[in-house]
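**Student:** Sequence:
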Amino acid sequence: MNPAEGNPGINHLAQAIQGRIRQNQDADSALLLDFGEIQPDYSLLTNTYPIPIPKSDYMVCRQLTLGPTHDILAKTQDIGLPHSGSHIHKTISLTCTHHGGSQAGTVGEATGAAPDPPIPSQRTAGGDSSDGMHQHHVLIPEKMRKLKPGDRVLVAWVQNDAVVVDLVLPATVL
Numbered sequence: 001m002n003p004a005e006g007n008p009g010i011n012h013l014a015q016a017i018q019g020r021i022r023q024n025q026d027a028d029s030a031l032l033l034d035f036g037e038i039q040p041d042y043s044l045l046t047n048t049y050p051i052p053i054p055k056s057d058y059m060v061c062r063q064l065t066l067g068p069t070h071d072i073l074a075k076t077q078d079i080g081l082p083h084s085g086s087h088i089h090k091t092i093s094l095t096c097t098h099h100g101g102s103q104a105g106t107v108g109e110a111t112g113a114a115p116d117p118p119i120p121s122q123r124t125a126g127g128d129s130s131d132g133m134h135q136h137h138v139l140i141p142e143k144m145r146k147l148k149p150g151d152r153v154l155v156a157w158v159q160n161d162a163v164v165v166d167l168v169l170p171a172t173v174l
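Note that this note's numbering numbers the sequence shown so that position 70 is 70, with each residue one more than the last.
Below, in silico cross-link-like pairs of lysine-lysine (DSSO-like), each with a Cα-Cα straight-line distance of 27 Å or less:
#1 Lys143 / Lys75
#2 Lys75 / Lys146
#3 Lys55 / Lys148
#4 Lys55 / Lys143
#5 Lys146 / Lys55
#6 Lys75 / Lys148
Derived from the structure by calculation, the hints contain no laboratory data.
Input sequences plus hints: build the corresponding full structure.
**Tutor:** See below:
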């Protein structure tokens, strides 16, 4: 064996090690986070993938599916009566004595179930009636709404799958 040719076994081992190092470097430099934009047809166009990804081929985190702004996120209910919207306000008996006279009464009012109002009011309560039946609604704020076209989003790449993690807003909203 000619010493200038080296050892074929050692050369093969060195090439295998070098190949493994290249694989690790490529994996370490792989893009994991990206920015994107939701298109009018709800496809996703990311900064690094030049073709829109159809709505059926990417995923979104669950909080981005809550609903449009001002939809009902939650409403009051009595324990054991799911979806009833009913609840009871505690009543307190009071007696007020002023200048020798006395006045008795109650503060608060017991309430019963009320149907969902067709459109929640802007003050987050609905179904008010003369007998005190009512509900309280917590509405979805703008910053918690579901995705819509034109939204800039943060995308995490999990192997070959794009996952929309959250909306990305300019710092001027702070």
